[in-house]
Amino acid sequence: MKTRIKLLVLSLAMALFFGAGNAWAEIRIGLMCPLTGSWASEGQDMRDIVQLLAEEVNAAGGINGQQVRILVEDDGGDPRTAVSAANRLATRNVAAVIGTYGSSITEATQNIYDDYGIIQIANGATSIRLTQKGLKYFFRTSPRDDEQGRVAAETIAAMGYNKVAILHDSTSYARGLADETRGLLEQDNKEIVFFDALTPGERDYSTILSRLRNAGPEVVFFTGYFPEAGLLLRQKNEMNWDVPFIGGDATNNPDLVAIAGRAAAEGFYFLSPPVPQDLATPQAQNFLAAYNSKHGSNPGSIWAVLAGDGFLVLAEAMKATGSLDKDELAAYMHNELNIEGLTGNIAFDQHGDRVGELYRLYRVDGEGNFVMQD
Amino acid sequence: MEFFFEQLINGLAVGGIYALIALGYTMVYGVMRLINFAHGDLFTIGSYLGLTILTAYTVTAFLNPFFGILILIMMVMALVGIVGVILERVAYRPVRQADRLSAVVSALGASIFFSNMVMLIWGPRFRVYPDDILPRITLNILGLDVPLLRILVLVTSIVLMGILYFFVQKTRTGTAIRAVAIDHGAARLMGINVNRIISLVFLIGPALGGAAGVMVGLYYGQVNFTMGWSYGLKAFIAAVLGGIGNIPGAMLGGLLLGVIEAMGAAFISTAWKDGIAFMVLILILIFRPTGILGERVADKV
Numbered sequence: 001m002k003t004r005i006k007l008l009v010l011s012l013a014m015a016l017f018f019g020a021g022n023a024w025a026e027i028r029i030g031l032m033c034p035l036t037g038s039w040a041s042e043g044q045d046m047r048d049i050v051q052l053l054a055e056e057v058n059a060a061g062g063i064n065g066q067q068v069r070i071l072v073e074d075d076g077g078d079p080r081t082a083v084s085a086a087n088r089l090a091t092r093n094v095a096a097v098i099g100t101y102g103s104s105i106t107e108a109t110q111n112i113y114d115d116y117g118i119i120q121i122a123n124g125a126t127s128i129r130l131t132q133k134g135l136k137y138f139f140r141t142s143p144r145d146d147e148q149g150r151v152a153a154e155t156i157a158a159m160g161y162n163k164v165a166i167l168h169d170s171t172s173y174a175r176g177l178a179d180e181t182r183g184l185l186e187q188d189n190k191e192i193v194f195f196d197a198l199t200p201g202e203r204d205y206s207t208i209l210s211r212l213r214n215a216g217p218e219v220v221f222f223t224g225y226f227p228e229a230g231l232l233l234r235q236k237n238e239m240n241w242d243v244p245f246i247g248g249d250a251t252n253n254p255d256l257v258a259i260a261g262r263a264a265a266e267g268f269y270f271l272s273p274p275v276p277q278d279l280a281t282p283q284a285q286n287f288l289a290a291y292n293s294k295h296g297s298n299p300g301s302i303w304a305v306l307a308g309d310g311f312l313v314l315a316e317a318m319k320a321t322g323s324l325d326k327d328e329l330a331a332y333m334h335n336e337l338n339i340e341g342l343t344g345n346i347a348f349d350q351h352g353d354r355v356g357e358l359y360r361l362y363r364v365d366g367e368g369n370f371v372m373q374d
Numbered sequence: 001m002e003f004f005f006e007q008l009i010n011g012l013a014v015g016g017i018y019a020l021i022a023l024g025y026t027m028v029y030g031v032m033r034l035i036n037f038a039h040g041d042l043f044t045i046g047s048y049l050g051l052t053i054l055t056a057y058t059v060t061a062f063l064n065p066f067f068g069i070l071i072l073i074m075m076v077m078a079l080v081g082i083v084g085v086i087l088e089r090v091a092y093r094p095v096r097q098a099d100r101l102s103a104v105v106s107a108l109g110a111s112i113f114f115s116n117m118v119m120l121i122w123g124p125r126f127r128v129y130p131d132d133i134l135p136r137i138t139l140n141i142l143g144l145d146v147p148l149l150r151i152l153v154l155v156t157s158i159v160l161m162g163i164l165y166f167f168v169q170k171t172r173t174g175t176a177i178r179a180v181a182i183d184h185g186a187a188r189l190m191g192i193n194v195n196r197i198i199s200l201v202f203l204i205g206p207a208l209g210g211a212a213g214v215m216v217g218l219y220y221g222q223v224n225f226t227m228g229w230s231y232g233l234k235a236f237i238a239a240v241l242g243g244i245g246n247i248p249g250a251m252l253g254g255l256l257l258g259v260i261e262a263m264g265a266a267f268i269s270t271a272w273k274d275g276i277a278f279m280v281l282i283l284i285l286i287f288r289p290t291g292i293l294g295e296r297v298a299d300k301v
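If you read the protein sequences in the order shown, they are chains A and B.
Using my numbering, the letters of the first sequence correspond one by one to residues 1 to 374.
Using my numbering, the letters of the second sequence correspond one by one to residues 1 to 301.
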C-alpha cells in the first residue's frame, strides 16, 4: 500500500515537473471563440485563421526562438459558457488571449482575464464601454460602435440624403448604433422620418416595409444583422420599392446575397472594416494566398480576420519586447506598436482601442460581389 | 385606406401559414387532449426536406414550375406525415395511459430532439431556397402591389384547409375521427380502430405543417433550424384563439392572428408585434377560454 502511495506521489511530482517544463518550452496563446451555437461559422473561421498564422510563425522559427501553441476554447456565443471558457484558459498558463465575437460575451470574460493579469485582444466586440473601464490589459482589433455611427452619418450626408429612416432590431448593438447615428444626423439637421425596431428571426417584414414606404424616406439605414437585411431587401424588391438601403457592419456576410437574391441585393450599401481582399498590402495578400491554398476559399467573415490581427499584434509585441511579461507587453502595445495588419494599419490608444479610420463603404454589385467604394 | 388594405393582405398571407400549422395542433388536441409541442419542429423539417428535394432532384427543371411545386409539396407532406406517425408511436403512444404531464414532457423532449437533429443533419447556418424557381411577379390590384406568390400561398392554404374540412365532415373516416374526438371508449365500442384513427391524425396534422414549411421556404427563401419555435408558438396561439380542438376555429384563429399582428405592427409599433400576439392570447383566455368558435363541443376534432 505504502509503495503505491509513494509511486503515486512520485509520478504526480514528475507529471508536474515535466508539465510545467513543457509550459515554458513554448508560448501559449489562448483563443476563445464560438465553435458551437448561432455564430459557429464565425468561430470556426477564427480558429482556422489564427492557427494558420501560428503555423507560419512556427515554420519561421517561432517567437524569440520559442514555438507558439494555440489553445482553443469554445464559448458557444453565450456569456455563461464564455465565463467557464475564460476560467479554463486563465488557468492554463497562457501568455495572452484572443477573443471573442460579441460584446456581451466579451464583457463577461474581461474581469476574469484582468484578475489573472492576462492580456486579452477582442476581435468582434464593438460596444463602446468595453474599453472605458480602465482595464490595463484589454485591447481590441475590432472598431467601436460610435466610430461606425459617425461614418454612417458622414456617408449619408455625403450621398446627399436629407430624409432618413433608421431601423434597428432592439439588440444592444443595433440599438446603440441606431441611437448614435440618429443623434449625429439630427445635429446635422437631417430629418429622421422613421425610427423603430423589427423583431429579428421573423420571416415576413412586409408590414414594416409598408410603414417605411409611407414615411417617405430618401434612404433607409438598417443597423441589424444579415439574415433580416437579406429578407428586407428581397421583400422590398417584391413591393417594387427602390429606395436605397445602407447596412451596418453586421450585414457583411456573403449569405446576405443568397437570402436576398442577386437582383434584390444589387445596390445595397454597407459599412465595414476592409476585408483583406480589398487591401493591396503584402501582409493582406500573402495571408489570402496562404488561406486560399489551405482552405480553397477566401475567409468569409471580417470578424475572423480581426482575430488574425490579434495574433499578429501579440507576435509583434513579444518579438519587440523579447518578453512575455504582461506589463511590458501592454506598455509596448499602448505606446509603440504600429504594424501593418490584415485589415490595415494597427496601433492602439491608451484605452486599447484602434487608432485611425477603419470603416469603408461597400456596395453589392449585380453579380453579388461586395465592392469597396473609394 | 390603401395602406390599410395592404396590411390586410399581408396579414392574411401570414395568417394562412399560421392557420395551416394551427390545424395540426388543433387536430391532435381534439383527438388526444395533448398539445404537440414538437409540431413547430415538424414544420421546420418540412422546410428542410423541401429544400433538399428541390436542390437534389430539381423537380421543377423538367416540369411546369407550378406543377413541380405541387408535386414537391405533396412529397414533403407525405414524408413529414410519416415522421408524425413515427413520433406518435415512439413518443406519445407509450404514455397515453399515463397522466397528462408525461405526455407534455415527452412532447417537449421530442421538440428538442427534432431541432437538434435538423441542426446536425443540415448544419447551423441559414439555408436558402433557390429564388428562381417560381416567377416573382408582382400584380397591381386596384392600386395595390401584391406579389403573385403571396396570393398563391394564401390560396394553397385555403384549398388545403377546405379539403381537410370536407374530409372530416363528409367522409366515413372523418366521422370516425370526430367520434374518437368525443370519446375513445365509446368509439371503440362502435367498432372504430382508435389507434388507426390517432395514427391518421398524426399523418394529416404534420403533413399540413410540412406543407406550410415548404411554402414559407419558397416564399421567404431563408430557413434555419430554430424557425419552428416562433411559428409553432404563433400557430398555437391561433389554435387557442379560434377554440382549440375545433377545425374551423384553427383556420379562423390563424387568419385573424395574422391580421391582428399586421395591424398592430402597422398602427402601433413593429417592435410590439409579438407582444400583441401574446396579449391576444391572454385576453382570450380571460374572457373566452374556449376560444371564438369553442362552444360547439360535439363537433370537436
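None of these hints come from the bench; they were simulated from the model.
As the structure is a prediction and not an experimental result, all values here were calculated from the model.
Glycine included, each C-beta is placed from N, C-alpha and C at the ideal position.
Be a bit skeptical, because a hint or two may be false.
[As the list claims (entries may be wrong)] Quick look at which bits of chain B chain A covers, simulated, 3 or more residues with Cβ under 8 Å: (1) 2–12; (2) 117–128; (3) 133–147; (4) 267–273.
Hints, verified against the model:
no.	hint	in the structure
1	2–12	holds (count 5)
2	117–128	holds (count 4)
3	133–147	holds (count 4)
4	267–273	holds (count 4)
Violated hints are absent here; each numbered hint is respected by the structure.
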